[in-house]
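Using the sequences plus the hints, can you model the full thing?
Going down the list, the protein sequences come from chains G and R. Residues 13 to 545 in this note's numbering are what the first sequence spells out, letter by letter. Residues 105 to 974 in this note's numbering are what the second sequence spells out, letter by letter.
Take the hints with a grain of salt, since some may be wrong.
To be verified - Some, not all, of what chain R presents toward chain G, calculated at C-beta under 10 Å:
hint: 1; residue: A276
hint: 2; residue: A561
hint: 3; residue: F570
hint: 4; residue: A585
These are calculated hints, taken from the structure and not from any lab test. Backbone N, C-alpha and C define an ideal beta-carbon position, used for all residues, glycine too.
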Amino acid sequence: MSALAITASLPAIAAALVLIGARGTERLCSRVTLAAATLAIAGVVASAFGAQIAIDQNDRLSIVLLAVVLSISAVVLSFAERYMADEPNRRIFQANAALLTSAAAWIAVAPNVATFAVAWLLCGVALFSTVRSSREGGATRPAAQMARTAELTGSGAMLAATALTLVVAGNAALTEIGAAASELSASELALGFSALDLTALLLVVATAARCAQLPLGGWLQASLTAPTPVSALMHAGVVNAGGVLIVRWGPLVTESTVAMSLLFAVAVTTLIATTTAMMARPDVKGSLALSTRAQMAFMLIQCSMGAFGAAMFHLVAHGMYKASKFLGSGEAVVASKIAHRDLPSHAADEGGALRRAVIAAGTATVSVVGAALTIEPEIFSQPGDLTLMAFAWATAAQALWWWQSIRRPALGGTLAAIAAVTTASFAYFAGYSLFAGFLAPALPVAASGVVSGWAVVPVFVAAVAVTFARWTAESGGLHEPSAKSVAGRIYRSAYARAIAVGQSSHQFASRGLGSRGSVPSIHSNPKEALNES
Amino acid sequence: MSRDRSDATDQLRSQVASAADILQPYFPLDSFVAVNPLFGMVDRPFEQAVETARAFMSANGYLPEADFRAMHADGRIADDELLASIAEFIEQSALPAHDGLTAQVLRADMLYAPEARRAPAPVLTIAEEVDSSLGTDTASAVDRQLSKWCSAYFDTGESTWPMPGRTGGLYAAWRDLAMRDASPKRDAAADTRKAARRLPRDPAEAVLVLLAALGVDENGREAYIRRTLGRQPGWPSLILHTAEGTSPIARVDLVEYVAMALFYEYEFCQSAAQRAGMELADFDHSSSALVEAALGELGERAEIVVGKLRDADAEADVDLISEILAALAPRERAGIWLSAYERGYRDQLLAWTTGEGRPREAAPDAQAVFCIDARSASLRASLESTGAYETFGFAGFFALPLRWHSVAGGDADASCPVLLDPSHDVGERFREGRETDGMQAIAMRRNGAAAGETLHAVSDDTSSKFALAESAGWFTGPTAALRTLVVGGWASMKLARERRIQELLSTEPVGIELEERVDWARGALEAIGLIEGFAPIVLLCGHGSTSENNPYASSLDCGACGGHHGGPNARVAAAILNDGAVRESLVKVGIEIPERTLFLAGEHDTTLDKVAILDRETIPSEMWSAVERFEADLAAACLRRAELRADDLVEPGGSRENGSLFKRGFDWAQTRPEWGLARNAAFVVGPRGMTAEVDLGDRVFLHSYDAERDGDGDVLETILTAPMVVAHWINMQYYCSTVDPEVFGSGTKVVHNVVGRRAVIAGPNGDLRLGLPAQATHRDGVAFHEPMRLLTAVQAPLELIDAVIERNEILQQLFDGGWIQLAARGDAADNWQIRGRDGQWRIWLPAALAKLPAEDRALIDVRAESGVTR
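Encoded structure:
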């Protein structure tokens with residue numbers, strides 16, 4: 013066993029000790045995970061400074077992913093110790109979550125096809141046992157059922173793909189997966205489909221299920237019945253496995269045009285559906301869950317274009333982002349109160365909209381394009397990086413627009429904001445460039461099957477059009493169409509669809525008579541429980 | 105519209121309004137205010153209100169009988185207390201004593217009869233009937249649709265795509281959307297789009313049509329609507345609150361909600377029935393047969409009692425035992441248990457306060473007025489023990505109903521009890537010469553707030569969210585680690601920023617005319633009972649709390665200030681009383697405040713246990729040393745209170761250092777930053793001497809009162825009708841959230857999901873959750889709060905109290921309906937008397953005596969026998 017695999021297994025060992033009920037193990041899971049995370053981070057640092065401490069260049073992705081998975085879990089488990097101090101199932105939760113951590117970590121460090129598949133399946137099992145066991149009673153059972161349906165589909169596809177690969181190419185090492193890909197593509201099945209196409213399609217299904225893409229994504233929202241830390245773990249760690257799969261199995265997926273096209277189509281559809289739904293959602297966690305699905309779609313689009321460095325950059329940063337958003341999801345009330353207290357309200361049509369828009373778009377163009385070209389002069393030949401630049405531009409422009417609209421700064425404040433956005437743009441591209449450069453040896457080379465970068469243009473244009481519409485509406489230039497007009501009807505149909513995304517499944521437990529009956533009374537007396545048993 | 109139709113809809117509207125008596129307006133979490141969830145039914149006795157809530161909301165109104173029996177077994181309810189409550193029941197029901205047999209039989213029944221379990225709601229909607237006979241899920245499908253639309257409609261900024269057509273009102277906006285909403289097809293296999301098109305524009309008409317279609321007749325209408333509201337009480341409670349607001353979007357009528365509910369119910373049931381080859385008329389919604397069956401037969405109970413009675417009594421006639429038992433319906437047992445449960449605390453409090461108490465401090469170094477909030481009690485006691493200090497209790501808004509305009513320039517806060525409308529617009533302005541610094545502080549605040557809002561706008565968008573996560577993650581990730589793993593470090597960062605702002609910010613309150621100031625000053629000082637003997641320093645101390653990541657943060661703040669921090673009111677009050685012109689005018693009405701007396705404003709942070717002195721700039725230099733000494737004693741008192749609290753707050757084995765309590769306020773993983781008002785139990789009105797030598801813990805609302813200065817009872821009237829009602833709301837909020845954490849309370853916080861930025865749901869969807877979270881009332885699954893009704897103890901002539909009650913219907917309802925128990929005594933030398941629900945005063949007897957039959961009791965010398973010890 014490699015050092016990486018041992019580190020990845022530490023949380024599982026702690027979980028085992030907790031499950032056999034060793035005394036004084038209350039805090040074992042979080043502490044061991046924290047120690048493992050520290051080791052992994054040390055490994056990343058060592059590797060980054062050129063030390064070859066048993067870490068091959070090809071393993072850089074493994075160690076980075078390992079560090080991310082373990083650190084996020086360490087934080088979430090420590091958080092949960094206090095947050096769930098009153099929950100009857102807190103020990104079981106810690107153990108399950110630690111198992112889930114190890115399973116996700118094993119995916120990150122798996123050396124070959126077979127171990128990857130085993131880790132993948134274990135992760136699926138750990139996922140729904142965590143959801144189901146984290147709360148007493150029936151409240152989370154339906155969510156676990158949904159997760160199981162998606163997982164069974166995804167795991168079935170994963171098993172089949174693994175079986176095919178093992179039969180045709182043997183237990184190939186993931187670092188030498190290219191050879192396996194040639195063997196698979198050599199064996200033709202029928203109608204011009206090769207065994208590679210079939211394997212790739214199966215892997216895309218597995219990915220879509222794990223990344224909560226349409227039509228298998230409802231489970232991610234349903235699982236919000238579980239406590240907050242469970243969501244933080246799933247959204248920051250588990251869902252990312254799909255992206256890891258594509259990158260690790262590289263040519264097995266990317267050499268197949270049909271599979272990559274399917275991946276692109278699924279991801280684009282999910283991105284549109286979940287982004288609009290997220291904007292309509294009035295609850296914090298539902299909004300975050302839909303946002304995760306959209307972010308995963310974005311990452312898979314990057315994968316389907318062969319931009320693996322960008323996809324991994326996204327995966328790591330989004331993991332940290334989403335974990336902290338979930339853990340802090342209770343801030344919304346106070347944040348809103350503070351905003352109302354400290355920010356004077358402005359009339360929508362107060363003017364200056366054009367000036368704000370020009371400053372926002374202009375600064376974004378100069379700083380983002382400038383930063384991109386300075387740091388990566390070859391960017392126009394890299395469709396993936398170009399996409400990154402385009403979306404970074406949108407973010408910079410948005411940030412400046414809303415900052416000006418909300419804060420209404422004087423000249424000095426505006427200049428400071430411009431400087432901040434410019435600095436952030438350079439930091440962003442520099443960080444990305446470092447990150448992608450560091451990982452490059454471990455990433456697959458873009459292959460024949462990838463989708464053209466141009467395919468993402470309509471998506472980007474549509475997304476930016478909505479953003480501009482929001483600016484116009486905010487400054488009083490655009491009003492909601494009336495229910496009687498054609499536009500108004502289309503608008504309402506779209507809204508009715510968006511507000512229902514992921515909400516209409518009968519498996520959801522709501523607080524009716526039925527579900528209330530299954531929630532055990534919190535004041536049930538221990539003595540009473542004894543008498544009854 | 106024809107006259108008939110308009111009559112019919114008018115009648116319907118009034119029926120909906122009266123069906124809503126099971127609901128209370130929900131005060132959103134940005135300024136959470138405790139309410140008595142049953143207050144709409146305060147016109148009937150407590151037991152009856154509880155029964156109605158059980159019938160229409162499937163809510164528990166008492167602890168489970170098993171809990172009471174367990175408390176009897178472990179001594180929390182003494183046997184004497186149970187017997188005393190049984191004796192009271194016998195007396196009230198005028199049962200024959202049968203030589204003590206009656207009491208013994210009832211006792212055995214209380215202890216051993218089959219437990220009265222939670223019965224199903226006797227009133228069911230048709231959807232519920234359909235579900236129970238067909239095994240379908242229509243009722244919760246209806247709930248889900250209602251939750252979906254209500255959460256979208258009432259959102260205040262979480263979504264960036266608001267619900268279309270909101271300015272037209274809930275029903276109209278919903279109707280336009282329902283015509284195009286295909287989701288019921290997937291959710292309940294019913295395509296409702298066409299039917300929505302046929303709905304009348306007037307929601308009241310729609311309700312009439314739908315009720316008829318559902319087969320609900322005129323007589324059953326109100327009950328049916330009551331059950332419709334009670335099934336999912338959260339959203340309609342929010343509607344009740346917003347109906348009082350001013351925003352056009354918010355002003356929604358409950359009829360609109362009922363129309364939506366009935367629409368989905370009819371459509372879903374119709375489709376479920378059709379699939380089963382049945383018709384809606386096949387389902388009878390008026391059945392209630394199964395209710396009483398679950399509660400145990402008389403014969404069975406008699407057998408159990410015979411088995412449990414001592415040998416001698418067991419020979420008693422089984423028929424007689426049955427006859428005795430017949431007088432006690434099984435469901436009445438919970439009420440007797442509750443009364444026995446309350447007796448122990450009552451006896452203790454009244455015994456402890458019997459006697460002369462401590463005389464008033466002759467020449468105190470300082471006086472301090474604290475909020476009546478129960479959390480002040482231990483701080484007051486601690487402060488008094490550190491030196492020659494006198495303390496008072498008064499509502500924390502200091503009788504100043506303010507609309508407070510912060511210098512930051514955002515929305516004003518109504519800083520007063522929700523029972524009042526704020527009458528004064530008071531703001532603050534920078535002190536002279538401090539404008540530049542002040543603007544810098546405000547800029548820091550605004551930057552923080554605007555950064556948060558900008559991030560939200562950028563993250564909830566089609567084009568900008570993707571790269572945001574990629575860039576922000578590198579900062580939020582490490583920040584999350586810091587906040588989780590190094591709470592102390594995070595706390596220092598937060599405190600440093602706040603300290604910097606406070607250093608820069610120097611403001612003074614402005615806005616009340618001289619005449620009003622004088623009137624208020626006089627009224628407030630008289631009500632506090634502080635019109636002479638002023639100490640050199642008088643602290644007016646509000647309170648607030650500190651917590652992070654806590655949707656219920658405002659539930660820990662000052663209820664008298666409408667769920668806000670009490671600092672602004674204390675500042676305004678102190679400024680007025682330090683005002684030379686005001687003091688001059690006060691002399692004319694006989695209140696002479698010595699020139700050297702300084703009023704200080706302060707704010708007690710109940711989580712961190714620190715008292716901050718506000719407006720320090722106004723302290724004259726010659727007072728600095730005196731104030732510093734006082735502050736040192738305040739700090740010592742806070743430390744003492746923190747030590748007391750640690751017992752209940754820190755987990756077994758957890759660190760008990762002061763810092764660990766302190767950290768809770770800055771720990772985003774903490775679901776219980778402090779206990780808030782848990783365990784509140786009594787409201788004491790009288791001079792401080794009554795309670796000064798008693799360890800009350802943080803369980804008692806203490807209101808200063810001196811009957812000698814209140815000839816006509818005006819002050820008492822205010823105290824009983826305002827602060828006491830607020831205390832009662834708080835008390836019942838805790839009571840109800842404890843006895844039914846799932847219906848009246850909001851359940852565990854770990855699955856809470858903030859909706860619309862001002863309420864929570866549990867999990868991905870569902871009803872708005874009312875009341876307090878389980879972490880506020882329970883510890884590790886066991887109730888920490890003791891759910892007892894408020895005990896009010898007043899020191900004032902009984903005739904005066906009676907006169908005040910006579911004048912106020914609300915007080916008659918509260919006392920005679922058993923919502924609050926009233927004890928009183930004319931002065932410290934008198935015995936405590938208890939006001940019965942019949943309005944008669946009876947000498948208070950501890951349980952050991954009260955359990956005796958009436959004729960024996962008359963022979964006892966109460967004071968000698970009650971064994972009063974301190």
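Original post:
For this structure, which hints from the list above don't hold up?
Top reply: none
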